[in-house]
Structure formats: C-alpha cells, structure tokens
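> Since the structure of chain A is already known, use the hints to place chain B on it.
Note that the protein sequences, when read in sequence, are chains A and B.
Per my numbering, residue 1 is the first one in the first sequence, and the count goes up by one each step.
Per my numbering, residue 1 is the first one in the second sequence, and the count goes up by one each step.
What the hints contain is simulated information worked out from the structure, not anything from laboratory work.
Just so it is clear, CB atoms sit at the ideal spot from N, CA and C, and this is done for glycine as well.
One or more of the hints may lead you astray.
[Said to hold, decoys possible] Just the calculated beta-carbon pair ranges, DEER-fashion:
id: 1; chain 1: A; residue 1: Leu100; chain 2: B; residue 2: Thr60; range: 20 to 26 Å
id: 2; chain 1: A; residue 1: Leu100; chain 2: B; residue 2: Ser134; range: 43 to 49 Å
id: 3; chain 1: A; residue 1: Ser134; chain 2: B; residue 2: Thr60; range: 27 to 33 Å
id: 4; chain 1: A; residue 1: Arg131; chain 2: B; residue 2: Gln65; range: 49 to 55 Å
id: 5; chain 1: B; residue 1: Arg71; chain 2: A; residue 2: Gly42; range: 15 to 21 Å
id: 6; chain 1: B; residue 1: Glu123; chain 2: A; residue 2: Arg71; range: 36 to 42 Å
id: 7; chain 1: B; residue 1: Leu100; chain 2: A; residue 2: Asp137; range: 36 to 42 Å
id: 8; chain 1: A; residue 1: Asn77; chain 2: B; residue 2: Arg53; range: 27 to 33 Å
id: 9; chain 1: A; residue 1: Phe62; chain 2: B; residue 2: Arg31; range: 43 to 49 Å
id: 10; chain 1: B; residue 1: Leu100; chain 2: A; residue 2: Asn77; range: 27 to 33 Å
id: 11; chain 1: B; residue 1: Gly99; chain 2: A; residue 2: Arg71; range: 30 to 36 Å
id: 12; chain 1: A; residue 1: Arg41; chain 2: B; residue 2: Ala5; range: 27 to 33 Å
[To be verified] A few chain B residues that don't get close to chain A, going by computed Cβ distances all over 12 Å:
id: 13; residue: Val37
id: 14; residue: Phe62
id: 15; residue: Asn77
There are 2 protein chains.
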Amino acid sequence: MGNNAVRVLGVDPGTRVSGWAVVQGPLRDARAVAHGVWHLRGSLSARLAELARRLEAVLTEFSPQLVALERNFSGENVQSALRLGEARGAILAAVGGHGLPVVEYTPATVKLAVAGNGRASKEQIQAMVARLLSLPDLPSSDAADALALALCHLQTSPFAQKLPQSVRGLLWRRGRIKRMRS
Amino acid sequence: MGNNAVRVLGVDPGTRVSGWAVVQGPLRDARAVAHGVWHLRGSLSARLAELARRLEAVLTEFSPQLVALERNFSGENVQSALRLGEARGAILAAVGGHGLPVVEYTPATVKLAVAGNGRASKEQIQAMVARLLSLPDLPSSDAADALALALCHLQTSPFAQKLPQSVRGLLWRRGRIKRMRS
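The shape of chain A in the complex, shown without the other chains (with noise of 0.2 Å):
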C-alpha cells in the first residue's frame, strides 16, 4: 500500500486566496476529510501571517502526515513568481515547523492523475474530484485544486513512481475512473 495510505494536506497557495484540503488515502478508499477556501485580507504581510495561522490550525486539527503543493515552473511572470513564492514561503515555514515532509506536483501531473488528461479545464477538475471523492457539491475551484494535489499524491504509489507519467495515467484511468468527455 506504501505512500498512499496518508492523510494528506493540499495547498493551492494564494497570497489573497489559497485552497486546501485534507484527503485520507488509501486511494480506492479515498475521502475528503475537510477542505475549504482561506480569503485573506489586509497587507501583504498581514494576509500571509493569516496564512500561516490558518495553516496552522488545520495541521493540529486534522494532523496531516505530509503535505502536497504545486510545482509551477513557467507560465508565471517574475512579479507573479514572486508573489507565488510568498504564499509558498508562508505555508512552506509552518510546514517546516512541524517537521512534515512536503511533496510537489506540477499542474500538469495534478491534472493527468485526476482527469486522465494533462490539460483539464479547471471544470473538468472540480468534476473529477466531486466524482472521485463522492462529494455532494462541486467544490470551488481552489479547493478543487487542493483536492485534485491530495488525491495525486495517493495516486502516486512506490510501485506508480517507477513508471513513466504516461503509464500511470493511463493505469489510474482503467482502474478506476473512465476519462471525462471534454
């Protein structure tokens, strides 16, 4: 069973919105367990201090044993990477914190582990994860995305590791779900 049978933590880190969601594996047992929206407010410094207080709360609520955030590598501008960064630095220091190893998915594995398909629209995403995870209501679309970084984590298996990107899609696509008609 390995690495999927964790409680996991996704972030989708905002400097004024972040989503984030508790997912207990093992996967084909999949559920969430909380997941929401932080909308923060105030100054830079302000809205990232609330950050990481509100990230805080959730590790000693929900003990998370490891947390998933996204790998963004391009696509961003400097000023937008920079900010990106902020958000991640805030989360990243109370992750630390409490000794938690952190796991990082580009948007595009994210996308092809919970789609079947590494360019899903954001609406192809928050019908994947309310399928996946049997939720009553579409979540919103940053919560989605730290749904989608949780269950991509439980996907990501010992044995998964060890195959190409393209194999393990389509592995999670016969198992368990059939690709969404876009």
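Positioned in the frame of chain A, the structure of chain B alone reads:
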C-alpha cells in the same frame, strides 16, 4: 524627527543565507544594535521554518518597530523570483504575526541612500555602512545589505519622502557623508 527615530530591522532575504541588522535611529546618531547572517540548512521547508524561527527570536530580543525589506523588481528570472518570494513569505508571515509594519526599498534606492550612487558595488556598500555606523570591522556582504536597508529607512524622513529620489540622495551626500570615489 518623524520616522527616523525608530529602531529598524533590515533583512536581506534568502532561502540559504539571510542577512539581518537592527539599527537604532535617528539618522544622525544611528548605531548598529546587532547584525549577522543566518545560514539555513536542510530541506526547503526546514530552512524556511528556521528562517521564521530566527526572525522571531530577533523580533523578541530587539523589539524593532518596523522591518525594512528589499523590493526586487527585475534582473531575476522566474525560478529565482520564486525562491526569493519563498524567503520573503516566511519573513513577512512572521513580521505580520507581530503586527509590525513593513517598508520596502529597491536596491537602487538603498545604494543611493548609503553610498550616494544607485549602482554602488557590494564592496562600496560594505565600506559605507561600516563608516556610517562606526563598525570596527567590515560586515559581510549579506549583513551589509541588511544594515544598508535599515539606514536607508532612517534617511527617509517625512520631509525627505516628498522630494524626488535624486534630491534626497543629494541632501544625504551633502549632509553627512562624502561620496565615495569608485
């Protein structure tokens, strides 16, 4: 006297090495209370957690009234902007948690304030802060940048803020220091 009488914490952020300095104003009696360099080790989240912890310790020990940070606009690629942002985020979250104001200065503004030249070299900055603060030794480059940030803020009085940048540099040069020969 305005905002030049405060105790300022200058921080030059990095995810591996960060410089810091506490400087007590007003400008004409400016003195370095403490300064140094943090060498951060371990994973990114461990380093950022350590950065936040060390900053917390300085905030508690020296009770600065505000924090001066460098504002980097350009000359950075996306990946280094992301890294800089992460260090800034860990710092800003800790500072925001203490409710302290943050002021930001561009590197050119800092150099102009301290060395009378917006394109001063690292060595010139080290020499000038040592001279302005009567330090017995040259500070390291990281600590010198933090000292320069704090001095830059002390120079920025409510009166001087209304003047254009070049005039402020001129006043500064004529008031207390002579421009270095490069």
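> Run every hint past the structure and note whether it holds.
Hint by hint, here is what the structure shows:
1. At about 25 Å, the CB distance of leucine 100 (chain A) to threonine 60 (chain B) agrees with the hint of 20 to 26 Å.
2. Hint check: leucine 100 (chain A) to serine 134 (chain B), Cβ distance near 46 Å, so the stated range 43 to 49 Å holds.
3. Checked against the hint of 27 to 33 Å, the C-beta distance between serine 134 (chain A) and threonine 60 (chain B) comes to roughly 47 Å, which is inconsistent with it.
4. At about 53 Å, the CB distance of arginine 131 (chain A) to glutamine 65 (chain B) agrees with the hint of 49 to 55 Å.
5. Distance hint for arginine 71 (chain B) and glycine 42 (chain A): a CB-CB separation of about 19 Å, consistent with the stated range 15 to 21 Å.
6. Between glutamate 123 (chain B) and arginine 71 (chain A) the CB atoms are about 37 Å apart, so this pair conforms to the stated range of 36 to 42 Å.
7. Taking 36 to 42 Å as the suggested C-beta distance range, the pair leucine 100 (chain B) and aspartate 137 (chain A) conforms, at roughly 40 Å.
8. Taken as a hint, the range 27 to 33 Å holds for the pair asparagine 77 (chain A) and arginine 53 (chain B), whose Cβ atoms sit roughly 32 Å apart.
9. Checked against the given bound of 43 to 49 Å, the beta carbons of phenylalanine 62 (chain A) and arginine 31 (chain B), roughly 48 Å apart, stay inside it.
10. A C-beta distance of roughly 29 Å is found between leucine 100 (chain B) and asparagine 77 (chain A), which places it inside the suggested range of 27 to 33 Å.
11. The given range of 30 to 36 Å is respected by glycine 99 (chain B) and arginine 71 (chain A), whose C-beta atoms sit roughly 32 Å from each other.
12. With their beta carbons about 31 Å apart, arginine 41 (chain A) and alanine 5 (chain B) fall inside the hinted range of 27 to 33 Å.
13. Distance check for valine 37 (chain B) against chain A: the nearest CB is about 19 Å away, which clears 12 Å, and the non-interface claim stands.
14. Taking the minimum C-beta to C-beta distance to chain A, about 18 Å, the non-interface status of phenylalanine 62 (chain B) holds against the 12 Å cut.
15. Distance to chain A contradicts asparagine 77 (chain B) as a non-interface residue, since its nearest Cβ pair spans about 7 Å, not more than 12 Å.
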